[in-house]
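> Okay, here's what each chain looks like letter by letter:
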Amino acid sequence: MGAITAPAFEPNILPDVAPYWEGANQGKLLIKLCKDCGKTHWYPRAICPHCFSTDTVWIEASGKGVIYSFSTMSTSDQTYTLAYITLAEGVTVMSNIVGCQSKDVSIGLPVCVTFVHSASGQAIPVFIPVEVLLTRSS
Amino acid sequence: MNYPAFLVGAYEHPIRKADHLTVMQLHAQVAKGALEDAGLDKSQVDGYFCAGDVPGLGAASMIEYLNLRVRHVDSTECGGSAPIVHVAHAVQAIAAGRCKVALVTMAGRPRAARSAIRLRPPDLDSPEVAFEQPYRPVTQNMYALAARRHFHEFGTTSSQLAWIKVAASHHAQHNEHAMLRQVVTVDEVLDSPLVADPLHKLDCCVISDGGGAVVVAAPEIARSLRRPLIVVRGMAEAQKNSVAGCVDLTYTATALSGPQAFADAGLGPQDIQYVSLYDSFTITVLLQLEDLGFCAKGAGGPFVSGGNLISGVGSLPFNTDGGGLCNNHPANRGGMTKMIEAVRQLRGEAHPAVQVAGCRLALVNGIGGSIATRHTAATMIMERL
Numbered sequence: 001m002g003a004i005t006a007p008a009f010e011p012n013i014l015p016d017v018a019p020y021w022e023g024a025n026q027g028k029l030l031i032k033l034c035k036d037c038g039k040t041h042w043y044p045r046a047i048c049p050h051c052f053s054t055d056t057v058w059i060e061a062s063g064k065g066v067i068y069s070f071s072t073m074s075t076s077d078q079t080y081t082l083a084y085i086t087l088a089e090g091v092t093v094m095s096n097i098v099g100c101q102s103k104d105v106s107i108g109l110p111v112c113v114t115f116v117h118s119a120s121g122q123a124i125p126v127f128i129p130v131e132v133l134l135t136r137s138s
Numbered sequence: 139m140n141y142p143a144f145l146v147g148a149y150e151h152p153i154r155k156a157d158h159l160t161v162m163q164l165h166a167q168v169a170k171g172a173l174e175d176a177g178l179d180k181s182q183v184d185g186y187f188c189a190g191d192v193p194g195l196g197a198a199s200m201i202e203y204l205n206l207r208v209r210h211v212d213s214t215e216c217g218g219s220a221p222i223v224h225v226a227h228a229v230q231a232i233a234a235g236r237c238k239v240a241l242v243t244m245a246g247r248p249r250a251a252r253s254a255i256r257l258r259p260p261d262l263d264s265p266e267v268a269f270e271q272p273y274r275p276v277t278q279n280m281y282a283l284a285a286r287r288h289f290h291e292f293g294t295t296s297s298q299l300a301w302i303k304v305a306a307s308h309h310a311q312h313n314e315h316a317m318l319r320q321v322v323t324v325d326e327v328l329d330s331p332l333v334a335d336p337l338h339k340l341d342c343c344v345i346s347d348g349g350g351a352v353v354v355a356a357p358e359i360a361r362s363l364r365r366p367l368i369v370v371r372g373m374a375e376a377q378k379n380s381v382a383g384c385v386d387l388t389y390t391a392t393a394l395s396g397p398q399a400f401a402d403a404g405l406g407p408q409d410i411q412y413v414s415l416y417d418s419f420t421i422t423v424l425l426q427l428e429d430l431g432f433c434a435k436g437a438g439g440p441f442v443s444g445g446n447l448i449s450g451v452g453s454l455p456f457n458t459d460g461g462g463l464c465n466n467h468p469a470n471r472g473g474m475t476k477m478i479e480a481v482r483q484l485r486g487e488a489h490p491a492v493q494v495a496g497c498r499l500a501l502v503n504g505i506g507g508s509i510a511t512r513h514t515a516a517t518m519i520m521e522r523l
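These protein sequence lines map, in sequence, to chains V and H.
In terms of the numbering used here, the first sequence opens at residue 1 and continues consecutively.
In terms of the numbering used here, the second sequence opens at residue 139 and continues consecutively.
No lab work stands behind these hints: they were computed from the structure.
Computed from a prediction, not measured in an experiment: that's the story for all the values here.
No false leads were mixed into what you were given.
Below are the DSBU-like pairs computed for lysine-lysine, each with C-alpha atoms no more than 30 Å apart in a straight line: (1) V/28 / V/64; (2) V/103 / H/435; (3) H/435 / V/39; (4) V/64 / V/35; (5) V/64 / V/103; (6) H/339 / V/103; (7) V/28 / V/39; (8) V/28 / V/103; (9) H/435 / H/339.
Construct all of the structure, not just a fragment, from the sequences and the given hints.
Laid out in structure tokens, this is it:
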């Protein structure tokens, strides 16, 4: 089996989260932080889902996390791995794992953000095992 | 005890592929079947309940098609658990004097229409869509996420999950309408193709057409009918989701609805003689068993192993019609057929090979939506008086 790839389906961008997608195009993973209760949340909302404050701001996440769970699925056109990744900032996000074989994916595996592009060129955050990145850069 | 309402009629459509029937026809046929089963006339129906599987304007379109004259309507939509919620709401409506004879229908033809995998296009106004759809979540791999995490935290294995399918197949062999009547082994489940790792093809429910309906009636009407008296002793509904990013896939909303329903009934898991659990996948059954307290959290694997869910063999017979795993899964919604088989068990009308002797207390549980993201669970405990 070859390397797993990301479907990179076109996101439907609603106006309140446009900064998130602009951030992705600049290579940043943004999440929302509430300035009142100090908690991060996911998916990004204008009103804090913890305390209902309207004072939420975008912050750049470290991009680091660990795999919470995953499932590899093969369709007629590709093999891809759906996963939940728990970010260093505490929230768990849905994404894909890329850059490795499906057999190399495991729960707890350290990963970091990277980006793939949809048909329109929109950057979409996905995650790659840290080990793979280190091997590539060495 | 003064019970506000009784489950007086139930009917399951025998069809599994409806090439030449419309969704409305299926709804009408199960409505007719359930009213005939109860011994009631359609003119007596004054409450109607349905979910999003009804075409057009939902309840309004269906009430027009059936030409009903009702004074209470409820079209709460929560996927496969909706019919269970509807019965609970019907009991509450009858208790409140809003109606006396409540009809609940559910039907669909995703198999003939070849539309089973995607229930409907994503609602682009849903804020989560942009943060999920690009990654191609489908029903199978989302349930697989829960299975994988359960394996990791509790040491659950694919072989243990397979026992759930094995038990369902033992029951389905006796159901002439079941889509998959052949008894399977654990090895056969494990040898079936991986659909979404770690779930195999035989861990997944079937895709079928059909439907079902039930009728709930006020006590004076129920007692006038020549039918066993079945009462809803406890009922509860609950929601679970990704909780602003605090994802925990080791439990479902059933962990909230189950204890509430037991408290409502004044009963516990040890009192239940039969369970109908919406088995969209084997992992869904495992999580519900744990969440309902039939075994400890994490102990579901050993609990289901060795045929513990097989009627006449194990301690907790489940889905004796073969369930979604073997019998049917009309409209991609499992809650209705689960209630109907529980009614059969309580009436003593299940197939003799799977009938639980002296079945007096049964539990029905359903989960609508996705256990990996957002869903509604409904728990119902029924008693034959």
